[in-house]
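Chemist: Model the full structure from these sequences, guided by the hints.
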Amino acid sequence: MSDKQNEALRELALRELARRDLKTFLKLKWVRFNQMPFLDNWHFDYLCQVLQSTMKEFSNPPLKRVMLNMPPSYGKTETIARTFIPWALGNNPYRKFIYISYSDDLGRKINKQIRELMHSQFYRSIFSTPLFIQANSSEFILKQGGGLFVTTLKGAITGFHADSILIDDPIKVENMKSKKEREFVNQAFKDSILTRLQDKDSNITILMQRLGEDDLCGFLLNERYFSPEIIKEWKVLKMEALNKEKTLYNIGKFSYEREANEALFMKKHDLEGLKALKAQMGDDEFFTQYQQEPQASESGFFLLENFKTIPSFEMKEQKEYIFFDGAFAINARADNRALVVVGVENHGENSVRYVLKNCFYGVWDEMQTCEHIIETLINYPNARVYMESEGGGLILHRLLQREIVRVNENLKRQNKPLINNIIEVYPANRKISKVEKIKAMRAYYNSGALVFLNQAFGLNQIKKELLSFNPEKPFRKDDCIDALASCIAHKDTLPPAPLKMPLQKSGRSVYQSGWNI
Numbered sequence: 001m002s003d004k005q006n007e008a009l010r011e012l013a014l015r016e017l018a019r020r021d022l023k024t025f026l027k028l029k030w031v032r033f034n035q036m037p038f039l040d041n042w043h044f045d046y047l048c049q050v051l052q053s054t055m056k057e058f059s060n061p062p063l064k065r066v067m068l069n070m071p072p073s074y075g076k077t078e079t080i081a082r083t084f085i086p087w088a089l090g091n092n093p094y095r096k097f098i099y100i101s102y103s104d105d106l107g108r109k110i111n112k113q114i115r116e117l118m119h120s121q122f123y124r125s126i127f128s129t130p131l132f133i134q135a136n137s138s139e140f141i142l143k144q145g146g147g148l149f150v151t152t153l154k155g156a157i158t159g160f161h162a163d164s165i166l167i168d169d170p171i172k173v174e175n176m177k178s179k180k181e182r183e184f185v186n187q188a189f190k191d192s193i194l195t196r197l198q199d200k201d202s203n204i205t206i207l208m209q210r211l212g213e214d215d216l217c218g219f220l221l222n223e224r225y226f227s228p229e230i231i232k233e234w235k236v237l238k239m240e241a242l243n244k245e246k247t248l249y250n251i252g253k254f255s256y257e258r259e260a261n262e263a264l265f266m267k268k269h270d271l272e273g274l275k276a277l278k279a280q281m282g283d284d285e286f287f288t289q290y291q292q293e294p295q296a297s298e299s300g301f302f303l304l305e306n307f308k309t310i311p312s313f314e315m316k317e318q319k320e321y322i323f324f325d326g327a328f329a330i331n332a333r334a335d336n337r338a339l340v341v342v343g344v345e346n347h348g349e350n351s352v353r354y355v356l357k358n359c360f361y362g363v364w365d366e367m368q369t370c371e372h373i374i375e376t377l378i379n380y381p382n383a384r385v386y387m388e389s390e391g392g393g394l395i396l397h398r399l400l401q402r403e404i405v406r407v408n409e410n411l412k413r414q415n416k417p418l419i420n421n422i423i424e425v426y427p428a429n430r431k432i433s434k435v436e437k438i439k440a441m442r443a444y445y446n447s448g449a450l451v452f453l454n455q456a457f458g459l460n461q462i463k464k465e466l467l468s469f470n471p472e473k474p475f476r477k478d479d480c481i482d483a484l485a486s487c488i489a490h491k492d493t494l495p496p497a498p499l500k501m502p503l504q505k506s507g508r509s510v511y512q513s514g515w516n517i
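Per our numbering, numbering of the sequence shown is gapless, rising by one per residue and ending at 517.
You can take every hint at face value.
The list that follows gives simulated cross-link-like pairs (lysine-lysine, DSS-like), each with its CA atoms no further than 30 Å apart:
1) K232 x K200
2) K464 x K180
3) K244 x K172
4) K190 x K232
5) K308 x K177
6) K180 x K439
7) K76 x K56
8) K319 x K491
9) K319 x K416
10) K238 x K76
11) K253 x K267
12) K238 x K278
13) K64 x K190
14) K267 x K278
15) K319 x K464
16) K253 x K268
17) K238 x K267
18) K464 x K439
19) K190 x K154
20) K268 x K76
21) K179 x K278
22) K27 x K268
23) K268 x K246
24) K172 x K464
25) K172 x K64
26) K308 x K491
27) K246 x K27
28) K267 x K244
If you anchor each label on the Cβ, the simulated ranges turn out as follows:
29) P311 x L248: 50 to 60 Å
30) G448 x S73: 40 to 50 Å
31) R398 x N261: 29 to 39 Å
32) H161 x E233: 16 to 26 Å
33) P311 x P228: 42 to 52 Å
In short, the hints are calculated from the structure, not lab data. C-beta atoms are modelled at their ideal positions from N, C-alpha and C, and glycine is treated no differently.
Modeler: Next up, the structure:
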């Protein structure tokens, strides 16, 4: 057999493999149709195998409910929409798809790109020539009855039932901040999607980055809205950008063992790239979108409408307190060290009000921590300071005393007032957990007994921690509100003693007349 004949046989075998195997089709399409180099990675094999397993032609029984979470821009839309839909229709032109995304424009673009692919010479070299009997910007129908309808969860889905409903990032990142938008998307799924399935073997696949605890995935897995039996129907698959432990990814014929601390897509983000990305995005967004670990957002324990700020002229006579929350470990994943300044004042009859005046926080080493504390002591010379003995508190206290001596010597030479704040190191209260201590603030917060100076440093961080606090899933970065809660809970944080009014005796004997009659 000649070389040309061997080459022709290899080409036919490759085309047949592309017809049977989605991953092969994806690679071939990228090179021959898109005419671009393909950044291959094992997660594409896994994703393709998951999608194939939703079709009864390739899996018995097929997967009916799939929830797959992975980072943004890692090939979700390219695989699930531009590749899987035309590949599946090539294998089964009777299959009906509904593709749902966050944008009508994106849906129409996907529809157009799929039709362009199916009209191409590349596609016809693998599958038979498709026959379109209807094609417009929102749908197309093949002669055999299969096809595609694109929409959003805000759009009407009527008159079209599907064998496969594909949901690809159903809400925009910025819209997750709106409770109204979140609830609309979630309720639209509940009201519309389940009624659009063709039969009992039909599939729903949700492929999205996590955006919060109450995004669509969080909604569908919440027992407040669905029974445990319904929730168990979902096959939940998670691919985080950086895994903590060794993980086995196994589905169908595919198996991959991922080592601990192995980047998901090295050609996209290696370990250094992920570290830089985390620093740029911040912990909340990185852990939610890239690690698929949603951080509680507006959990409802502390409501935004009760977050009250006041101007400085509304403050009354106060006693000032500084509370410090330490973190013994000094590394990128350590907790913040937090320092809060709180004024306590009499407010109304037999009532007390706590005013957060400043909050300083950061991952500091011991010397940086001492510098921040000393600067705060200079600015609040009458404040009493409290720091827990645990978490390196005793060691830090000794370092702080040494630094205060050094700073005071400099202040003395400059003829400036010395630091003479009272600093107390106290043991943590083991009878109440950090979570319970923070929960106890809610009565103060809701009643206006805890307010926030409108020009306070760190005000946004305090607000962020309060609104994201979830006692069921305590957030690692709650150090500022932990320090604030410690202040409110401490027995010695009291307002100034009320002024004693002189007692008045009844009767004329109180005042003696100066007139002689």
